[in-house]
Every structure is written in structure tokens, then in C-alpha cells.
Amino acid sequence: DTGVSQDPRHKITKRGQNVTFRCDPISEHNRLYWYRQTLGQGPEFLTYFQNEAQLEKSRLLSDRFSAERPKGSFSTLEIQRTEQGDSAMYLCASSLGGPGRYSPLHFGNGTRLTVT
Amino acid sequence: DAKTTQPTSMDCAEGRAANLPCNHSTISGNEYVYWYRQIHSQGPQYIIHGLKNNETNEMASLIITEDRKSSTLILPHATLRDTAVYYCIVRVAGNSGYALNFGKGTSLLVTP
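For the record, the sequence lines run as chains A and B. The first sequence runs 11 to 126 under our numbering. The second sequence runs 1410 to 1521 under our numbering.
This is chain A alone, in the form it adopts within the complex (with noise of 0.2 Å):
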């Protein structure tokens, strides 16, 4: 169990550039989940992926962002036109879903951005 990983840990951009995260899941994990952390709150649900299949989106996610798992491995989450309001944490997590089953989140260490 290398653990979820994330890269990168942190982003500066400047506003109304477009930037992409990337994150590795649990290699046999096949759900994965997109989170954002503000500073003093706590993580606030994105997106969820089974395998390739993006089946939630919260109303957090608007349209200038876009998240992929193309293969139902890795994914990409992608800001464009970036606001100084995207600055965030941005969790992935990971977990191995199943008929009647809870298997807890793993998390990464998440990616820092900040928009300036």
C-alpha cells in the first residue's frame, strides 16, 4: 500500500490561468473522490469516480472545473479561468467500493493552490 499520492503539493498561479492536479489512487482502489479544504473548514465534497465513471458532482463543482479518470486509475482535476476564490487544498482520496460494504477514504496530502 503505497498510500494516495498527489501531485503537485503546491500551485501558484495567476488568476485566470488554467492549472491541472493529478492524483494516484490505491492501486486496487476503484472509487475515488475529489475534495477542497479552506483554510479553518473542513474538506468539502467535489466529485466521485467508480472506476471511470464520474456518478456525483457536488454544486461546488462549477462549470470551469473538470475532473477525468480516463482509465480508472489516475485522475485529473482541472481549474480554468482561475479565482482567487479557488484558493484551496484539494484532497484526493481513494477507496475500494462493493455491494454492501464501507471501506474508508484514503487521502493524500492534497495540492496547495494559490491563485494571486
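I should point out that these hints are in silico values taken from the structure, not numbers from a laboratory. This one's a predicted model, so the numbers in the text were calculated from it and none came from an experiment. Heads up, a few of these hints could be off.
[Stated by the list, open to error] Some chain B residues judged to face chain A by a derived CB distance under 10 Å, without partners named: (1) Cys1421; (2) Gly1424; (3) Tyr1441; (4) Tyr1445; (5) Ser1450; (6) Tyr1455; (7) Ile1456; (8) Val1494; (9) Ile1498; (10) Ala1508; (11) Asn1510; (12) Phe1511; (13) Gly1512.
[Stated by the list, open to error] Below, simulated DSSO-like cross-link-like pairs (lysine-lysine); rule was C-alpha separation at most 27 Å, straight line: (14) A:Lys21 <-> B:Lys1513; (15) B:Lys1412 <-> B:Lys1461; (16) A:Lys67 <-> A:Lys81; (17) A:Lys21 <-> A:Lys81; (18) B:Lys1478 <-> B:Lys1412; (19) B:Lys1412 <-> A:Lys67; (20) B:Lys1412 <-> B:Lys1513; (21) B:Lys1513 <-> A:Lys67; (22) A:Lys67 <-> A:Lys21.
Even glycine gets a Cβ: it sits at the ideal position worked out from N, Cα and C.
Fit chain B to the known structure of chain A by using the hints.
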């Protein structure tokens, strides 16, 4: 999902039991109680979850009241490494992938 209420912060002396309360008075019959914690600069870490019965694992114990309106997470012998924000979350384990919504949690400080 039912709303939860947790104290903003708590202190605990090292070696003593840390008892973290959570109120979820509007919980419904099919909602589970989950606990996660987040150490500074890290992602959240799963601790324990339960429905009705008390649960124990190598990290902690979860005590759920009979009416299920509140619960307590117990760290039996707190260490300095247990200093973290602890989140109590109530959620139906359904088809949406168990996506959890975290609140602000309780910031636990374990002191020497």
C-alpha cells in the same frame, strides 16, 4: 444528511483518555456515524464508524447512545501524535459512493 455539532476545541493531558463528543439529534435510522481525523498538513485519516452498537478498534472506541442522538469517540491513552482535528460525520451508506461531508470538527490538543 443529519447535521452534527462538535465542540470547537478540547485539551487532553498525554496518557489520559480523550473523550470527544458529537451531537447528531436529527440522525435517521439508516445513517451511520463516522469519525475521521486530520493531522496538520496531512489528509484526513479514517478512525472508526458505527450504526447502533458500540465499536472498538486499534485506534479508538465509539460509544453511541441508545437513542443514537449523540456519540463519543474515545482515545484511551492520548499521545502527542493524537493532536489533530477530529470530524464526526453522519451519512447514509448508499449508492453515492459514501462521499462524506466534513464539518469544522473538534481541534484536540494533547499536552505533555
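Okay, the hints, checked on the actual structure:
1. Cys1421: This hint is violated: Cys1421 (chain B) lies away from chain A, its Cβ roughly 21 Å from the closest one there, beyond 10 Å.
2. Gly1424: 27 Å, violated
3. Tyr1441: Because about 7 Å separates Tyr1441 (chain B) from the closest Cβ in chain A, which is inside the 10 Å limit, the hint holds.
4. Tyr1445: 8 Å, holds
5. Ser1450: Cβ of Ser1450 (chain B) sits 7 Å from chain A, so the hint holds.
6. Tyr1455: 3 Å, holds
7. Ile1456: 9 Å, holds
8. Val1494: Interface hint status for Val1494 (chain B): holds (8 Å vs cutoff 10 Å).
9. Ile1498: 9 Å, holds
10. Ala1508: Holds, because the Cβ-Cβ distance from Ala1508 (chain B) to chain A comes to roughly 5 Å (cut-off 10 Å).
11. Asn1510: Result: holds, 6 Å to nearest chain A Cβ.
12. Phe1511: Nearest chain A Cβ about 3 Å off; hint holds.
13. Gly1512: Hint on Gly1512 (chain B): holds, closest Cβ of chain A at ~5 Å, below 10 Å.
14. A:Lys21 <-> B:Lys1513: The given pair, whose Cα atoms are some 25 Å apart, holds under the 27 Å limit.
15. B:Lys1412 <-> B:Lys1461: 17 Å, holds
16. A:Lys67 <-> A:Lys81: Given pair Lys67 (chain A), Lys81 (chain A) holds - Cα atoms ~19 Å apart, limit 27 Å.
17. A:Lys21 <-> A:Lys81: 25 Å, holds
18. B:Lys1478 <-> B:Lys1412: 11 Å, holds
19. B:Lys1412 <-> A:Lys67: 20 Å, holds
20. B:Lys1412 <-> B:Lys1513: 12 Å, holds
21. B:Lys1513 <-> A:Lys67: 21 Å, holds
22. A:Lys67 <-> A:Lys21: Roughly 24 Å separates the two Cα atoms, so the pair holds.
Figure legend: structure checked against the earlier numbered hints; hints not met, in rising order: 1, 2.
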